[in-house]
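Novice: Just so you know, the sequences run in chain order A and B. According to the numbering used here, the first sequence is numbered sequentially starting from 1. According to the numbering used here, the second sequence is numbered sequentially starting from 1001.
Think of the hints as simulated: they come from the structure by calculation, not from any bench. Given the structure is predicted, the values throughout are model-derived calculations rather than measurements. Be careful, since some hints might not be right.
[As the list claims (entries may be wrong)] Simulated pairs of lysine-lysine, PhoX-like, Cα-Cα distance not exceeding 20 Å:
no.	chain 1	residue 1	chain 2	residue 2
1	A	204	A	79
2	B	1410	B	1448
3	B	1277	B	1313
4	A	313	B	1377
5	B	1204	A	59
6	A	377	A	277
[Said to hold, decoys possible] Distance ranges between label pairs, derived from CB positions:
no.	chain 1	residue 1	chain 2	residue 2	range
7	A	381	B	1387	39 to 45 Å
8	B	1026	A	34	53 to 59 Å
9	B	1088	A	12	25 to 31 Å
We treat Cβ as the ideally placed atom computed from N, Cα and C, and that holds for glycine.
There are 2 protein chains.
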Amino acid sequence: MADEKKLTTRAEDFSAWYNELVLRAELADYAPVRGCMVIRPNGYGIWERMQQTLDQMFKDTGHKNAYFPLFIPQSFLQKEAQHVEGFAPETAVVTHGGGKELEEPLIVRPTSETIIYSMFAKWVQSYRDLPVLMNQWANVVRWEMRTRLFLRTLEFLWQEGHTAHASHDEAEEETRKMLGVYRDFMEGWMAMPVVTGQKTESEKFAGALRTYSCEAMMQDNKALQAGTSHNLGQNFAKAFDLKFQSESGAMEYAWNTSWGVSTRMVGGLVMTHSDDKGLVCPPRLAPLELVIVPIYRTDEERSRVLEGANRLKRSLDDWERRAPGRMRGENDARDGMKPGAKYYHWELRGVPLRMELGPRDIEKGQCVIVRRDTGEKASVNLLAIGEEVHERLIVMQDDMLIAARERREKHSVRHAISYDDFKSLMDGEGAFVYAGWCGSAECEAKVKEETKATIRCLPDEEFRSADTPTKCLRCGKASTEEALWARAY
Amino acid sequence: MADEKKLTTRAEDFSAWYNELVLRAELADYAPVRGCMVIRPNGYGIWERMQQTLDQMFKDTGHKNAYFPLFIPQSFLQKEAQHVEGFAPETAVVTHGGGKELEEPLIVRPTSETIIYSMFAKWVQSYRDLPVLMNQWANVVRWEMRTRLFLRTLEFLWQEGHTAHASHDEAEEETRKMLGVYRDFMEGWMAMPVVTGQKTESEKFAGALRTYSCEAMMQDNKALQAGTSHNLGQNFAKAFDLKFQSESGAMEYAWNTSWGVSTRMVGGLVMTHSDDKGLVCPPRLAPLELVIVPIYRTDEERSRVLEGANRLKRSLDDWERRAPGRMRGENDARDGMKPGAKYYHWELRGVPLRMELGPRDIEKGQCVIVRRDTGEKASVNLLAIGEEVHERLIVMQDDMLIAARERREKHSVRHAISYDDFKSLMDGEGAFVYAGWCGSAECEAKVKEETKATIRCLPDEEFRSADTPTKCLRCGKASTEEALWARAY
């Protein structure tokens, strides 16, 4: 059975481990088109739960969903100078439609600022029409050369929020608020701790005034940029003539923000928590929270145990009905498959809790619950099974965040470090290094060239070191900002 | 105020009425790219509720969501002969990516049979892997020349279900089951009655063995094909080598089905229920079910009434918390806008119930509730407001289906009709005409040419006439099938 072949371990080859896991846990598969992926039900189930959660968080902060076209006239992309420079090289271009060559080629959206703000310009007349708070769930295409399942694909699924405001400060507040929403989601649901902060000029979004990001540490100690939030200033408003009449009667350009997270988060979830047995999924995002594996040898045992397993499933379903969304279970009653093979099957796929039920368990009125993340086993009274499962799912969710945070802190360097030591660290096991920066793009570029590490962000206050670094990591001159340096996906 | 300009009436110009309504109720807007639309929050809110409901219905029937790529290699489309013939003329083609010309052009999916069954072929080995029951929510592109908001656009949003089975009969059962799901949704949620039946050979899906559809009657007595379900036979399985080892050990081709509904349904909803004042939306799909309009003249009245309106809103919110999803309301406290203008605003946007609250209502402990569909007014005791609103929403939903069905039956012709009378009827007010058909594609084509009417479907048994027609509508020869003829969108 293909399932029984072991995964390459993380220690052997982290990258091979990741690819094998994604394929064998049936999260995704390669598509016939280079660089594209198929998201299979096991992976899509995680994405769906991410979507539902975020969608509610966006609505709770006043945003409404809409949908804008896939195709963008080539001329639109060119209206904002930095934006076209950033995105034009990686676009897919439709040149023919309905059997004819088009007069103006169409770009398959790499992001939708241009088309969305051209529409806002049509809808907004007065300050009374502001703020406009919208979001769309959509697919986008960026012609990447080196692709990885979930992490970087030609096409990916995402949401992009787009807003328009009457002032810079209101836009800045929105930008920071949505960064906070992302952080709450990543920590509270994905159990993936993130460092938030501002991107440097050279790393900001093409066309933005300022970009903020959430940076997570993967198990190979590399950073994953998991979400970004941009204060676009008036750049797009000026390019698309998005003006409004202010309370005083003057015509002013609006202030925009945009913010997005994508299916890349599924890759981040995998690389944050999973182990050499396969996927480990935080309970709040697991499409299936538990699986019951009946254990029997004889036919007599079989009928008794299956009956018990069905009864157990029913009592969990009752709980699920009372507290929806937290206890979806499956009874793995497949015949002709040994319990060990079933354990393997579900461990690979990341189901948070496994319940083992044998004849002796039934006699004792108990079952064995095994946690996917720690492997911890416990015998549990069947009379209190709902409470026991519920409690374990909550504790597991919390423990996973704590474990991920501890791992990150263990691999974070906050003491002064020489540039040589930094280079060795980056070439070796990697780390998040908090160090000084003189503020020059030149030092930033040189570090990248020499170590493949980049400034992930200028961390927000709560992430900065108690002892403010005084010297630039690269040039040794006075530091103007504390920066978080790491290699990244 | 732009809002106060009256809509063109349905009697004056049905088509102009529809376009104006969609634009002015802010359901959608024209995009900068020819034939594309922007779905604005008011329209997207309806689509979201359609999606949520259908998604649950698909899951309840055992389907799982997945996501397949937007791009299809040109060669894939060509593997099924009828399929390419049907779709190739209306494709959008990506010829350049990342600044280079592609070796093989990519088609922007017009539908995903080819790419999905090529993946199924990779995943399915044995009868144990069957059935495969999948669905995807996605955007598709068909290069249409004449477009209408929601009804026919270059890009539209839809879901496409794709399944694989071990036998013809199982595939046929699935095809019919999903047609039934569509019907349940259209009648139970959209309050839009449909006739179900089989498409003729000339109208079936390109590549299908058999196509079934749901046909609804719009208020201009034209038909709208609102959903289709296809038994694809082994056509795609043979084209993509989708084989499985049967229980007996033989290698067999799988049997596929596909089925889809799209944002076109939003157009169907508009044209089924709306009136000359604007949108009428069935409560179960309304993003906002009720609006409170406070009525006051003096400042003293204003503060009393607004306080009452807030209290009313809170008691409705309490109800909503107890029975989620059925009582989302808004308190329209805009100053400087007269109650009449607010009525107009919300009528245009199709909010099912309006609650008027003035100083005398507050004294009497009541408010006035007005139903959007009938205009019926009633004074209702505020102490029982939750029950009153809840009840009215349910009754309104039911009444809308009944009214739509009565209208359809009034404009259905089931008696023998001469071809000349049929022609006049089609040129005049239109109808659903149930009449005989000799089964020849020639008669079908001639009727289309001469009257612009087509066979919408060969209706399922329950829709057929008590007196089976004996003669073909066109040639007068013996009828082999009862057909439903009408002009269509």
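Novice: With reference to the structure, classify each hint as holding or not holding.
Specialist: Going through the hints against the structure:
Proximity of residue 204/A to residue 79/A is assessed by CA-CA distance (about 19 Å); at most 20 Å being required, the pair is judged to hold. Restraint check for residue 1410/B and residue 1448/B: the C-alpha separation of about 23 Å exceeds 20 Å, so the hint is violated. A threshold of 20 Å between alpha carbons decides the hint, and for residue 1277/B with residue 1313/B the separation of about 26 Å lies outside it, so the pair is violated. Using a Cα cut-off of 20 Å, the hinted pair residue 313/A and residue 1377/B is violated, with the two alpha carbons roughly 50 Å apart.
For the hint linking residue 1204/B to residue 59/A, the alpha-carbon distance of about 41 Å lies beyond 20 Å, and the restraint is violated. As the CA atoms of residue 377/A and residue 277/A are separated by approximately 17 Å, the hinted pair is consistent with the 20 Å bound. Between residue 381/A and residue 1387/B the C-beta distance comes to about 43 Å, which sits within the given range of 39 to 45 Å. In this structure the hint that residue 1026/B and residue 34/A lie 53 to 59 Å apart at CB is violated, the actual value being about 41 Å.
One distance hint, 25 to 31 Å for the beta-carbon pair residue 1088/B and residue 12/A, is violated here, with the actual separation near 48 Å.
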